[in-house]
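Visitor: These are the residues of each chain, in order.
There are 2 protein chains.
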Amino acid sequence: MSKLFVPLVLLAEALGLASCILIGLWMGKYLGGFAWDGSSQEFNLHPVLMVTSMVFLYGNATMIYRIFTGVNVPRIAVKATHAGALILATIMMSVGLAAVFQNHNANGIPNMYSLHSWLGIATVSMFLLQLVLGLGIFLLPFASSQLRASYLSSHVFFGIAILSMSAATCLVGIMEKIFFSEIKYSALPAPAIIANAAGMAIVAFVVTVAYILTTDKAASPSNRNYSNLQ
Amino acid sequence: MSKLFVPLVLLAEALGLASCILIGLWMGKYLGGFAWDGSSQEFNLHPVLMVTSMVFLYGNATMIYRIFTGVNVPRIAVKATHAGALILATIMMSVGLAAVFQNHNANGIPNMYSLHSWLGIATVSMFLLQLVLGLGIFLLPFASSQLRASYLSSHVFFGIAILSMSAATCLVGIMEKIFFSEIKYSALPAPAIIANAAGMAIVAFVVTVAYILTTDKAASPSNRNYSNLQ
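In the order they appear, the protein sequences are chains A and B. Take the first sequence: its position 17, counting from 1, is numbered 17 in full-length UniProt numbering, and each next residue is one higher. Take the second sequence: its position 41, counting from 1, is numbered 41 in full-length UniProt numbering, and each next residue is one higher.
Honestly, the hints are just simulated from the structure, not real lab data. All values derive from a computational prediction rather than experimental measurement. Be aware that a few hints might be false.
No copy is singled out in the list; a pair is fine if it fits within one copy or between any two copies.
No farther apart than 35 Å at their CA atoms in a straight line, the calculated lysine-lysine pairs in the DSBU-like style are these [claimed, not checked]:
| no. | residue 1 | residue 2 |
| --- | --- | --- |
| 1 | K3 | K29 |
| 2 | K177 | K3 |
| 3 | K177 | K29 |
| 4 | K184 | K3 |
| 5 | K79 | K184 |
| 6 | K29 | K79 |
| 7 | K79 | K3 |
| 8 | K184 | K29 |
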């Protein structure tokens, strides 16, 4: 896949950006824009921040190792960028969650009853556990190289699994928001097409990222010695 | 993971069965049961058949190689079971799709407008392509062992990717059906809890299956020479 590596990364970036732009367009143009005042415009921050942090930024953080390691960049810089992108994603995700809870509380809407919220809490909990384990085992200097080697495959597996769960949570959330926004869905007005397209772009982004991460490691330009975990 | 292999397979089976039972209970007990007469009871066949075929049966078909190859079973029997389970899944899936189209047409409901349907058609198309390629390359005797070896990693990757997309489609469909069934969702009546639990079980099933399929191949009891593709 060496010839396909750069085109696939560019495809992933295009799909990830399309996801963020389509969700932003839906919330910003068709559902009233953004505010921080308990109104539905505060809610609108939630989908934009969650897709940007838990899909686009998270997906890019997972690809950083494939893109940069082995290229002439110090390994600690790659690790710091991976961790930094995930910490930035965590901050944006926290603001995105605060927006929806504040909006619900300000309007007397119950929290945490929907499949979207159950999935979301499971995903965010696993994401935070993965972040803490990753920081503790790979970034801090305490873990033995044996522990690092034995944890690596779990970290990679759950990295992709949690990204996929994050995407599934977004899809369910998009469907929920379409129903709450009370458009005539079956007539496919512009916001319905934009919402459907955003969902499809999210799925295509995650499949492309997973393909880049798991397929034919040896042929990628970032081919390197994976046993060097420091 | 050798010690964990059997418990993980049992966990996957429990989660897969729970998914089918919960969806069956929701449709059979709370949404009026089943029929083939254009009524909403015909629609009810759709969720049950799709989850049973495209999640439970498909997930099991993917695990058959891990569970049986290397055990003292002829390889052709394992291949035939894998292909047979997927062909049975295809038949059940076709009936499940016929149920929803007939129900829509009988009631003047438009087809193919929702994110659920867009995702579903993408997933089913990729599933059928994967089935045709799998049959043509692995089961029929025409392909060279070189072609088989080079296609195997794509077949495995897309097997898991399509299973994940199938699960995501089910989740979006569950959310859609909750809204169309007009319960007071936020009060979490029994069918809402059952539907949420079914969604969570589907996610947990697919994550467990993906873990079984991708992690630590060497330590599984089905450790074998993967280069023997005949």
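Visitor: Hint by hint, say whether it matches the structure.
Guide: Structure-based check of each hint:
When the C-alpha separation of K3 and K29 is checked against a cutoff of 35 Å, the pair qualifies neither within a copy, at 39 Å, nor between copies, at 54 Å. For a Cα distance limit of 35 Å, the shortest separation of K177 from K3 qualifies neither inside one copy, at 40 Å, nor across copies, at 44 Å. Taking the closest pair of Cα atoms, K177 and K29 come within 35 Å of each other both inside a single copy (15 Å) and across two copies (28 Å). Taking CA atoms no more than 35 Å apart as the test, K184 paired with K3 passes in neither setting, with 45 Å inside one copy and 53 Å between copies.
Within a single copy, K79 and K184 get their C-alpha atoms no closer than 47 Å, and across copies no closer than 47 Å, so neither meets the 35 Å cut-off. Within a single copy, K29 and K79 get their C-alpha atoms no closer than 38 Å, and across copies no closer than 52 Å, so neither meets the 35 Å cut-off. Taking identical chains as interchangeable, the C-alpha atoms of K79 and K3 lie at most 35 Å apart whether they share a chain (26 Å) or sit on different chains (32 Å). In this homomeric assembly, K184 and K29 come within 35 Å of each other (Cα to Cα) both inside a single copy, at 17 Å, and across copies, at 30 Å.
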